[in-house]
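Visitor: Once you have looked at the hints, place chain B on chain A.
Chains as they are written, first to last, in the working numbering: chain A, 1 to 293; chain B, 1 to 293.
Treat the hints as calculated values from the structure; they're not laboratory data. Small disclaimer: the values here were computed from a predicted structure and weren't measured. No incorrect hints appear here.
Copies of the same chain are indistinguishable here, so a pair counts whether it falls within one copy or spans any two.
Calculated pairs, DMTMM-like style, for lysine to aspartate or glutamate (alpha carbon to alpha carbon, straight line, at most 25 Å):
{"no.": "1", "residue 1": "K9", "residue 2": "D19"}
{"no.": "2", "residue 1": "K122", "residue 2": "D93"}
{"no.": "3", "residue 1": "K9", "residue 2": "E94"}
{"no.": "4", "residue 1": "K122", "residue 2": "E4"}
{"no.": "5", "residue 1": "K200", "residue 2": "D93"}
{"no.": "6", "residue 1": "K200", "residue 2": "D119"}
{"no.": "7", "residue 1": "K200", "residue 2": "E151"}
{"no.": "8", "residue 1": "K9", "residue 2": "D93"}
{"no.": "9", "residue 1": "K67", "residue 2": "D119"}
{"no.": "10", "residue 1": "K9", "residue 2": "E59"}
{"no.": "11", "residue 1": "K200", "residue 2": "E94"}
Number of protein chains: 2
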Amino acid sequence: MNEESFVRKLTALFPQSPDVAVGPGDDCAVLDLGTPDLILAAVDQVISEVHYTKDTSPEAIAGKLLKRNISDIASMGGVPTHVLLSLAVNPMDENWLLAFHQGIANLAAQYGISVIGGDMAKLFTPGQALSLTILGKVERGKLCLRANAGEGDLLYATGCFGSSFRSGHHLTFTPRLKEARFLAGDFTCAMQDVSDGLLKDAVRMAEASGLALQLDPDSVPRREGASEDSALTEGEDYELLFAVPQRLRSRLESAWPFPDTPLSCIGRFVSGTPGAVSGLKSNQLKTGYDHFR
Amino acid sequence: MNEESFVRKLTALFPQSPDVAVGPGDDCAVLDLGTPDLILAAVDQVISEVHYTKDTSPEAIAGKLLKRNISDIASMGGVPTHVLLSLAVNPMDENWLLAFHQGIANLAAQYGISVIGGDMAKLFTPGQALSLTILGKVERGKLCLRANAGEGDLLYATGCFGSSFRSGHHLTFTPRLKEARFLAGDFTCAMQDVSDGLLKDAVRMAEASGLALQLDPDSVPRREGASEDSALTEGEDYELLFAVPQRLRSRLESAWPFPDTPLSCIGRFVSGTPGAVSGLKSNQLKTGYDHFR
Numbered sequence: 001m002n003e004e005s006f007v008r009k010l011t012a013l014f015p016q017s018p019d020v021a022v023g024p025g026d027d028c029a030v031l032d033l034g035t036p037d038l039i040l041a042a043v044d045q046v047i048s049e050v051h052y053t054k055d056t057s058p059e060a061i062a063g064k065l066l067k068r069n070i071s072d073i074a075s076m077g078g079v080p081t082h083v084l085l086s087l088a089v090n091p092m093d094e095n096w097l098l099a100f101h102q103g104i105a106n107l108a109a110q111y112g113i114s115v116i117g118g119d120m121a122k123l124f125t126p127g128q129a130l131s132l133t134i135l136g137k138v139e140r141g142k143l144c145l146r147a148n149a150g151e152g153d154l155l156y157a158t159g160c161f162g163s164s165f166r167s168g169h170h171l172t173f174t175p176r177l178k179e180a181r182f183l184a185g186d187f188t189c190a191m192q193d194v195s196d197g198l199l200k201d202a203v204r205m206a207e208a209s210g211l212a213l214q215l216d217p218d219s220v221p222r223r224e225g226a227s228e229d230s231a232l233t234e235g236e237d238y239e240l241l242f243a244v245p246q247r248l249r250s251r252l253e254s255a256w257p258f259p260d261t262p263l264s265c266i267g268r269f270v271s272g273t274p275g276a277v278s279g280l281k282s283n284q285l286k287t288g289y290d291h292f293r
Numbered sequence: 001m002n003e004e005s006f007v008r009k010l011t012a013l014f015p016q017s018p019d020v021a022v023g024p025g026d027d028c029a030v031l032d033l034g035t036p037d038l039i040l041a042a043v044d045q046v047i048s049e050v051h052y053t054k055d056t057s058p059e060a061i062a063g064k065l066l067k068r069n070i071s072d073i074a075s076m077g078g079v080p081t082h083v084l085l086s087l088a089v090n091p092m093d094e095n096w097l098l099a100f101h102q103g104i105a106n107l108a109a110q111y112g113i114s115v116i117g118g119d120m121a122k123l124f125t126p127g128q129a130l131s132l133t134i135l136g137k138v139e140r141g142k143l144c145l146r147a148n149a150g151e152g153d154l155l156y157a158t159g160c161f162g163s164s165f166r167s168g169h170h171l172t173f174t175p176r177l178k179e180a181r182f183l184a185g186d187f188t189c190a191m192q193d194v195s196d197g198l199l200k201d202a203v204r205m206a207e208a209s210g211l212a213l214q215l216d217p218d219s220v221p222r223r224e225g226a227s228e229d230s231a232l233t234e235g236e237d238y239e240l241l242f243a244v245p246q247r248l249r250s251r252l253e254s255a256w257p258f259p260d261t262p263l264s265c266i267g268r269f270v271s272g273t274p275g276a277v278s279g280l281k282s283n284q285l286k287t288g289y290d291h292f293r
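With the rest of the complex left out, here is chain A (with noise of 0.2 Å):
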């Protein structure tokens, strides 16, 4: 069985309470308390050896787990508020430790964001996995999911793509907040982050929104020295991709206040199977990173 229909047969145990307005599948579910804004959460985790190398510092490790996260927020056309730290660590190093939380703490400052608890275990090895709970909100008329497409609407990306883990980008990306805040409610209600690879993302919202994708791989910015494999594959991006209405085209490109971050027309979604790709060379089949494998 493959991740995707691995990971819905698992969400398929989980019946819904009538507060939860997005459940698992998307960047993060949505809760609607009553309040004016809606709640984010999502979780994420960076494991040693997998996310980072043994030679990554402990602020730079910190700075991937919650940017990563706060990219989860973004995607969702959100802010982030509140986090909580769920660390396994061996050994349980002060120096390591406190360089670690200083690394969250300096940019949890520099979002505005809270750290209200954690937990702090010994892994029965040497090693770390390091696990980050956010929680955000968003205006009502700012949320986007990926299942918003809609047919006809063109697909966009922030950035650029590929080469993320040899590049170093993966650790120094900056979340593409003020982006999607810019974006989310007046030009796109649908919306995700690049993690494990453009093509899959891609390939997910369009099956969310039960449309099929015309993909123009040739207009995918790539990282410098980037093959197209790369871009198209390899994740750890955290870019955005969106869908914008034919409409809003022109007022979108024209209005785009971020000159140090790339906007590309990248695709288009139109009706058909929905999660089928078009426009790919024929050694493009493979669709991102799988857990499984």
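Guide: Coordinates of chain B only, in the frame set by chain A:
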């Protein structure tokens, strides 16, 4: 540096926004989002070879992980509402994962909890690091904090203590949710659960409340076969400790509606050095599980 002082040092790194009613340091963080009820949030984990042995079933592991988090919500006087899972596992065995998730689902359904999200990733070595974030809610008049014990209050405990690991109690326990809901607001506003050892957790409550504690070790009910030392220090009991004003003592003991849950008065909060304990025998100086030992 011991765990307590190191955690205090880390906590000092994190300023809290105005909507955080209670930040790190209690069983849960408390958020005031302007809704009638306050929001509770906590995270806790279980790790293979640390919190369970290799022969533990995935359902039992799932149960321990969810129940110890429910115990944290109970100790604040609240009810659990939503959880997110973060699993680092190796191998990513589908049968194991399915059984684990089924265990979570069965128990979540019993407690009316929605599993709203999660993340799964491969650990770098065989074993598991499993984390669960829980959200809950509590009426403003029922919120219980460790810092709320008053001078002269009696220290009560539910249940029996000691030998939790050897007896299997650490897997089979029932979180004291209904007992906590009965107590909160009406009989106590100072409560916590015992995870790291009765003595250590009682000291935390006394210290947070700025009081000393007269403990009566002989009145602590012990699990079958448990030594007095084990009852005071081993932990993983998942029982409630709570402070009751003297004037409510007889009313509490006559109204206690849980014949299967022992209710014991085991001490008293008094003025003195915050966190100082009297009443211990000379050999009872260990104060529970220190994650840094």
